[in-house]
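**Q** Read off the chains here:
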Amino acid sequence: MITGFLLNGFDTRARVVFALLIAIAILVPAANLLLPPDHPLHVPTYMVTLMGKYFAYAMLALSVDLVWGYCGILSLGHGAFFALGGYAMGMYLMRQIGTRGVYADPILPDFMVFLNWKELPWFWYGFDQFWFAALMIVLVPGTLAFVFGWFAFRSRVTGVYLSIITQALTYALLLAFFRNDMGFGGNNGLTDFKDILGYNIQADGTRATLFALTVLAVAIAFALASAVTRSKLGKVLVGVRDAESRTRFLGYRVENYKLFVWTLSAVMAGIAGALYVPQIGIINPSEFDPANSIEAVIWVAVGGRGTLVGAIVGAITVNFGKTWFTGALPELWLFALGGLFIFVTLFLPKGIVGTVQAWWAGKRASAPAATLKPEPAE
Amino acid sequence: MLIAATPSQTAKRSSLVAKGLFGALALSMLSGTALAQEETIKVGVLHSLSGTMAISETTLKDTILYLIDEQNKKGGVLGKKLEAVVVDPASDWPLFAEKARELVEKEKVSVVFGCWTSVSRKSVLPVFKELNSILFYPVQYEGEESERNVFYTGAAPNQQAIPAVDYLAAEEGVERWVLAGTDYVYPRTTNKILEAYLKAKGVAAEDIMINYTPFGHSDWQSIVADIKKFGSAGKKTAVVSTINGDANVPFYKELGNQGIKAEDIPVVAFSVGEEELAGLDTGPLVGHLAAWNYFQSVDAPVNASFIEGWKAYTKNDKRVTNDPMEAHYIGFNMWVKAVEAAGTTDTDPVIDSLIGVSVPNLSGGYSAMMPNHHITKPVLIGEIQGDGQFEIVSQTPGLVVGDEWSDFLDGSKDLISDWRKPMNCGNFNVVTGKCGG
Amino acid sequence: MRFLSILIAALWLALSTAVSPAAAAVADEDLKRLVDALGVGGFSEAEAAINALVATGDDRVSAILDRFGEGDLYTRKADKSVFIAEKAGSDFKLLDPVTGAEAGVVSKGEIEKIKVNNRIRRAIAAAVGSLTLRSPDAAIRRSAAEAVMKSKDAAAIPALDAAIEAETDPAIKQIMVAARAAAVLESDLPEADKIAAVEMIGGLGTRDAMSMLAAYTAVEGPVGEAAASAARTIESSLLVWDAAQNVWYGLSLGSVLLLAAIGLAITFGVMGVINMAHGEMVMIGAYTTFAVQEIIRTSAPGLFDYSLLIALPLAFIVAGGIGILIERSVIRWLYGRPLETLLATWGVSLVLQQTVRSIFGAQNKEVGNPSWMSGSFTIGELSITWSRLWIIVFAMVVFAGLLAVLKRTYFGLQTRAVTQNRQMASAMGIRTPWVDAFTFGLGSGIAGIAGVALSQIDNVSPNLGQGYIIDSFMVVVFGGVGNLWGTFVGAMTLGVANKFLEPYAGAVLGKILLLVFIILFIQKRPRGLFALKGRAIEA
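Residue numbers (the numbering used here), protein chains in the order written: chain A, 1 to 378; chain B, 1 to 437; chain C, 1 to 539.
Next up, chain A with everything else stripped away, as it sits in the complex (with noise of 0.2 Å):
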């Protein structure tokens, strides 16, 4: 039934992309252990790494796009989730360091011992076991967003609002992960990982695996979202982003569609920091930086709104714009980038994706117009 959910979902571009991201969850880790290094298409690890980190991003754009495109709440603290999956992931990674540790305390993070903690704080029981931290990376940020939803949801927070708490919200997380009282490693956050599933992080295979997963995980959400932008409740959705009241005059209730999609997109968010930290090998409160949740908006913004692929495209493109400009022109990149972001709102309103897309609709819709050929109906 839900394999019935999900392909009912796919239209052609939804199958293509499928099929893009699931090709290149196979090849470029094939590229990379397969080929031996002097070969022309070998891809270097570090390539393998960075565009692990790019698909995670891709991921969390995927999840702010799904609640911005489709429903209308801009989230500013989407990084909030992002974050706690990741960290959840780390304090897994953190468990499994033992006794390699410089201090070799079995029990005790390395942070730890060298700030006198005395004992393992009750909320890092469990995440030695890999199914717990695997049940928190969905849990915790999935929880979060519930409550929060179910609050500001029901008592019509909207707009502008929304998106400030939503800001405020990650704002005092951040706040609160700097402290080091609360047992999160403070501003150094958690890092120097060795294993993940008694593999060697900075092995290879290892971190080819993790990006075959990541992308992986891109193909999964990004069906899962456009089953569920396709379907009926889909449908609500725009219906709320386009006239809230409207729709909830027509009988629907508004508030339970929105705390669905912002639960799942929460999820989505914290498996994607999950995901993300292994590959990064540090996660620290600076993830719960509004600033890098506006980013994430903007990744979005880019690739354009309301059309999934369009956040995969922009979360990918901006930062490997990042990457490029940060060593290129080291002293000049923001400039280059506060440009793009500009040109892209001026420009191309609908963002890349839109903007081809729209292009290639008038193609076809001219087309015919031109050569006056019959078309069959689709």
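Just so you know, the hints here were simulated from the structure itself, not pulled from any lab data. Just to be clear, a hint being listed does not mean it is correct.
What the hints assert, rightly or not - The calculated DSSO-like cross-link candidates involving lysine-lysine, where the alpha carbons are at most 30 Å apart (straight line), are:
(1) B/311 to C/108
(2) B/199 to C/150
(3) B/337 to B/81
(4) C/77 to C/108
(5) B/129 to A/194
(6) C/80 to C/108
(7) B/261 to C/113
(8) B/199 to A/118
Please arrange chains B and C on chain A, whose structure you already have, making use of the hints.
**A** Coordinates of chains B and C only, in the frame set by chain A:
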């Protein structure tokens, strides 16, 4: 490359190479190793040029470019010119790791000079270990670390905090202490060490006040008032400040405005140097202190010529010098000397030959790289002057060896580090006799 | 040896002067020998030498010590003789500290500065204080009395007695009496005198008095008990003052928030632009102040006290001009798409930050406080710093002015018309594009003058704006978008609440609690404190 290029040109050229390289990578996912190699030695510079840390780190990037320029004028290293590869990690910690990987794996640099905050160092650490490269870290930090691939040229807590407290207790008769810091690992650890140290010296718990503030804290009214209140208990009081960069300016402005004079409650800071004071009117702050291993006002010929060269290089007569710059000066020269001794830039021989290397520091003496990858330094205590400089009021008679594992922390008092063979271990436990905690 | 002989000389001099205090003059060469002792040994020796100098009672000593405190005394390396050195080009001109006679010009290498640290400065202040207690200048007498009070030197009691006798100014006399009481507590005088001193100090009721007493509360016997009970009395009266002080801190923080947010209340609140570049407008205002001060420093140092007044209109024009430029080039294409203004203005903010960084460098810039914004004064036990007071006043003036512009002027009328109903306003003949541009310019200009004020209390760096942008949005949204009074009340509420939370929860937790409070508050009032009503806002 026969003509010695100016660093900016070199950096630009390297960035063009990077651009081409990356473009090729992006399009065809080719690796760029096949590109023509020039006869230069590449040096990576990993300092934030934008974002919150740009304030401090931009100067260090300029310092390395200056040092490379000077070295190239002397003919480079091993007969080859040095070439800087500058990237901008933008005060973004994951980006630090990414850029470190780019420098080592893609640009194939021989050594990297970089990082400021502890978290940025922690973020790049796994990269340097995995790819086996060398990082020189120039900033004072909390210690509790000794890695084979990292050389710490900044101060460990015993090279800054403890001599400062000793000075205040002996010279100013301080009996009551405010330990004020930004809430992150460096202040937390330093204050833990200081608290243990002070208690060991007989200071009562109620005579120590510890206060933490968030990053970039700008409203200091209540805290300064609290300090004033704490200081009015009839005992001589001093503030030991581990407040981080940005928050210092409003803190000192508030101190000045609330009329807390150095004669009444002196503040000794470990993160305030000439650069930070350049953004302040120091008139009301005369007499507040800082503890470093170098001050611009050090009266030594080597320092005078360094300052002169630096001002000429930056074409700015107002540019100041500071302690992390000296750390880079020492680190860079150590690296050059070690490379020349090893006859190669390969990581392993250079790491081995770095230990024991001794080069002139800017305070007129010599600094040596110890087996724990920390260096020996004199500790200077300076008082702020009206012109934004420090007057040195105390100097340790000898050199102090950086102590990576503090004796005042329970977890680390049994650990030592020695990267020479046969021990070759960064965290050897003298009680259990095992490497690894 | 040399040190010892000087001490003996000093003692002899002190003895001889004690016999005939009126003839306090000492032979030049004897005095010079004592001055030379300042340059021998470390800080402890220098302190002893200061005391020896003071013991002579010579009139010239306080002037010499003043120069010492300013760091003007140098030792000539050749003969260890001490001189006042004044910079003459790259060389130094030496003056005899006793006679003032010129003693030739030397290069920097030939002399060595005698180091001065806090301890020496304290000793000098106390020494000069006891010497100048009977100065004809009331201001000098006052600072002398204060210095003696701090030094708590029992040896100063006779001098104080004489000074109290002669003092005519009741305020200064009061300080001298307190100084004497402080000295008595340190002396060997009988217990009754000490208890009287405790009562005298306790009567002052100030924090300084409390601090003087605190050292004796642990002393055994009646003196300790008296001190403890006096300290308790003072402490309870200080509690009230502490609460008042917190309110003051809160208002001052609120004013800073108000200043930071008020420009945003126009660009975001009134115009609906999610203006992420707002913080950069504040930063530009601060940099304008820096530029103005820089020009004044080099070309007209006398005008420094007016630098802020000059900077205000300039900051308004510069920031406002850039605001108009941004509106005309970017934002005007985005009306009706408020969320996209977020993206574009974020880009603008990155560009502006980097521009400033490229022009001025990444380092902090020094913006000085003019004299009328430095220091503090007290009302009762309320300590009020001038900079904060002026910022509060300034915030109120800006707020009132803005309110007047929007409510009382023709331009304000047009602005309100356009923001309420663009088509209708246009149909009435209002040139809406120009109103948009000038409204945005007004908001940006206000942010610019806020930057002038904030440059007085915060870093002037390219990141200045980033520190305020989130708080500003919180304030505007908490108060209710589109309502200036909301912004006002919001800023003050958050400021005061923050300052009352801080002592209990600490700075970090206090801020977190405040953010949680805002989140909960918005649940209760989804449109902020002062919600706009009507159908227009639903759109």
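**Q** Which constraints among the numbered hints does this structure fail? Numbers only, ascending.
**A** none
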